Amino acid sequence: MSHPPSESAGAAAQPGQGSLSAPVIEPGHTFASVTDKISAIVLSRQSPRSWFVGFAISFVLLMVFLYATGYLLATGVGLWGNNVPVAWAFDIINFVWWIGIGHAGTLISAVLLLLRQEWRTSINRFAEAMTLFAVACAGLYPLLHLGRPWVFYWLLPYPNTMGLWPQFRSPLVWDVFAVSTYGAVSLLFWYVGLIPDMATLRDRARRRVAQVVYGILAMGWRGSAVHWHRYQVAYLLLAGLATPLVVSVHSIVGLDFATSLLPGWHVTLFPPYFVAGAIFSGFAMVMTLAIPLRAVYGLEDFITLRHLGNMAKVMLATGLIVAYGYLMEAFFAWYSGNEYEWFLTINRALGPYAATYWSLIVCNVAVPQLLWFRAVRRNVPLLFVIALVVNVGMWLERFVIIVTSLHRDFLPSSWDMYYPTVWDLAQFAGSIGLFLTLLFLFIRFLPVIAIFELRELVHDTEEGHA
Amino acid sequence: MSSQDVALYGLLAEFDKPEDLFEAAKRTHAEGYRRIEAYTPIPMEGLAEALGHHTTRLPLLTLLGGVLGGLTGYALQYYASVLDYPLNVGGRPLHSWPAFIPVTFELTVLGAAFFTVLGMLALNGLPMPYHPLFNVSEFKLASRDRFFLCIEARDPRFDAERTGEFLRRLGSRAVYEVPP
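From first to last, the protein sequence lines are chains A and U.
Counting in our numbering, the first sequence runs from 253 upward without gaps.
Counting in our numbering, the second sequence runs from 45 upward without gaps.
Okay, chain U solo, but in the shape it has when bound (with noise of 0.2 Å):
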């Protein structure tokens, strides 16, 4: 990284169409470009492996949530029907487990759903509520029918004028400096 990129957080380029931005996406990374990332008004399968993000923990944390929701219910009743206040109906067992189920079930659901979607919220780094990206007045296109594709200036191939050079032959519209 030169001296004079330190005062950019990248390039970006725009794009028309969702084809061009997928090819485009997958000559940068190529290319050899590693801080790529691309800004979409549309989930597109395939763009973020194009770019090489491969898989993603989150169905792992909704695990982990529905176990430990699923686990805290149970014992929760557990402790209050057996331990702490065991109260005698009828004669009938103090761990009556089938009708501690449907709470188990219950819970499970609710700690699996905070887990993905806090989880969710969390890789993905939001809320952020500055980015340098919106001092790209274009850059509000990017969810309406604009496609984007940004290079870093940290990445190590980064180079303010062959970067910009680069982007542009890829049959991008326009090539935007981002200020951090």
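Chain A extracted, bound-state conformation (with noise of 0.2 Å):
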């Protein structure tokens, strides 16, 4: 063992800039300790049996989500509630949350990387992972929403038959390529992360059928300087590249919306004020999903009051941005002296939809305020339950833009009222399965933290303060 546990060591996990708080990796732990902790839960250690009831559960999510997709195939999209005016919704509403969440795993690896905060260590891997699933789930959602999904590749540019191109003009063409590029750019990320834990997996694995099987996974990684040397410039690439994308991406989403002329759409604050909510949810997400990991596998080690409460602060500072952006969204209404865009306004908070709308308010305004408290922030379980609130919050955020926008428009007479059927609710819940499943398989089969990074910890901070 090259690093024996010491008083350097328990000194040196203080980091300078932040010895009020906890340290980012408790004390005592060596290059050896990190790496077959982590590594035991996916070769040696008995799943607990959460894991099993977890996945039993998600697993029955999953087959909802089957049955959904399978009887919208064979019927059509008439099985949602969404009809003409609200032509959008469960599947709008449920993209853009999903592909949200997925925001703040990029975030996480890429643009805490590039500010050099070494907090992000022990959350990225799993923060990645997350976005993988999340972004899968996101983009099921508008291919379900075409009605004929099978032919899904008319949305790509390719010489056919029918002499026809996309539209290159529209928003809905251009999320095509956004969300299709983050999906590569993410996986590609997170896959060039896994290479030396991998490799790791694959010297420890006993059985043959996991050493062969992270032996090709790991592509013959030996650890070696000039290998590292190259691996480290293209890592930081990605996440040079991987941060604008995330950026983009939502500012599309949000495009999707402010292209439009309909009132509650059409504001030119969409876009960033949509990044700013796609990271405020996708931190509520990694939350949700890092206190029971950390409790259940015993990670509190790695994954320590200090990650938590940076995650807390960043929700805070995101959701005052949000918070901004709703004040604004009603300002620019009342503003513009456009009866449409003021009745809008009303609507949303007295119409028949208003419960939703305060709600919202409740959930992403007035309850992470209680995130300025310090001891709000220690507190792991009501943490798990704001973030919780938070993602309710952003899903209803989804509704009130999409549904209430949509409902009255311009002529009374074409206003209508959507409920979502119970074919929306399976599919939604589905959704959830889908992604939890694919969580549950990860945790299972990949190491949820970057070992070589927290090697790296263990490093920087014995060398720093030594």
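To be clear, the hints were calculated from the coordinates, so they are not data collected in a lab.
Bear in mind the structure is a predicted one, so any value in this text is a computation, not a measurement.
Just so you know, not all the hints are guaranteed correct.
[Claimed, not checked] Covered stretches of chain A, going by a simulated chain U footprint (3 or more residues, C-beta under 8 Å): (1) 422 to 435; (2) 474 to 482; (3) 492 to 499; (4) 704 to 713.
[Stated by the list, open to error] Covered, in the sense of this in silico footprint (three residues per stretch, anywhere, with C-beta under 8 Å from a C-beta of chain A), are these stretches of chain U: (5) 144 to 152; (6) 195 to 206.
Built from N, CA and C at the ideal position, the CB exists for glycine as well.
Each of the two chains sits in its own frame; use the hints to bring them together as a complex.
This is the structure:
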């Protein structure tokens, strides 16, 4: 063991600037101990009972998803509650919700890397996994909403016998490129991050199957100094590419709405406010996942109160930006002097969907204010509840934006109400099942925390303070 | 290279601490060995330079991928919207370049990302399913907490005995022969 637990390691774990807060890694850890602890979750430890229970529930929900999807393909989108004037409803709400959740993963892995925030290390791996699975859920919704999903490839530009091309002036086509690029780059980023850990698992694995599978995935990684050098350059470049990408993706999602002429959508504020909302909901989801994960697998040494506290602060900050967005939406409507805009604002707050609007304000604006208090940021169960509330709030936000804007537009003769059907709900619950099933499989078969980055953290903290 | 060395890929020295490896790498390079490589469980800043590797062309590949991706994106849209399927929408210009920027941007990022990752793998010679070093069972610890330095047999200064003696004097924990 190259680094025996020592006084210096304990002192080292207190980072210089953050001496007031908890450490990013608890003292006493060595290269060997972090490697063994994280790889044991995958290779040797018996999965806890809660894993099986959680996986079973998720798997049942996944079956619900497959059933709902199968029935939808056989019958058509008439199963869903959307109809003119509310032609976009659960499908687009859930699309925006899922893709927003994904954004925190990229933010944690790319932006915090560029900003040299060492606390990202313990949470980036599963935040990236979360991104990938959330993008998978998000991508399915617009496809299922196509009506004839089996010709989804018509969205892509390719020379075809119909002699047609996509309309490149439409944000919906931009979305196809943005989301597929985002999915591909997230996958690359995640996989590149996994390569050295795959080598660690290959070298630790006892069973032949595991050795072969992790061996293939590691691609013969040996940890050579020259390889590491190129690897780090590549990782940094990818982070630099992913950062503007994540902003562009949700801006384009915002433009899906903003380029229309519909009151409530036609706002220049949308792209930045959507990006802030995405980060807000994404951090809430990371917290929702991290808190049970660290409790069940005993990862409190690596995902410390410092991580939770920092994520809470990011949530508070982005929550305030989102609150500013709500305020400005209302202000723009009033200041524009446009009676349709102003009607929409009043209708949102006092119309038939007023309950969703005020619930959204409570969830996204009122409740996160608790995070101003240090005692709240250190209270793990309470943080978990707040994160769940924010997840609900951000879902409601998309509901309010989409449904209340559509259901009463210019002509009262075209007004109508939207109510989700049981298939809307089944599809939504099912997509949560898809997300959680993938996540449970990830926890079981891949290292949830970047092992080599933890080793680096142990090394850096010892070197900096020894 | 003498005949008895042909059977060897090289000699592998094992170290306990990153600092020891770093020192050994510098001394090995100073001694004139050039076909050398260090293997570590963590990326170590300056180690590649100490072994005599200075720059990587990877950023250039990223730039190339980005430029190619961006040009492809813009050309695709120009061809589709202006040349092959011109569609008059309310008299707006066919070459409406601001609307082409988002797709151009996305494809720039996509091209750059693929070139970065594939370029990194290609320059590193990965995937490589077999490597002589995997024959040394202790080498498994290179992904846990041990640090290794390898002098390859094809180095002109390599001599199984003298090089082995040199590696032992560097403060290594053990020296292994690596079969090819």
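Item checked: Indices of hints not satisfied (ascending) -> Of the numbered hints given earlier, the structure breaks just one, which is hint 6.
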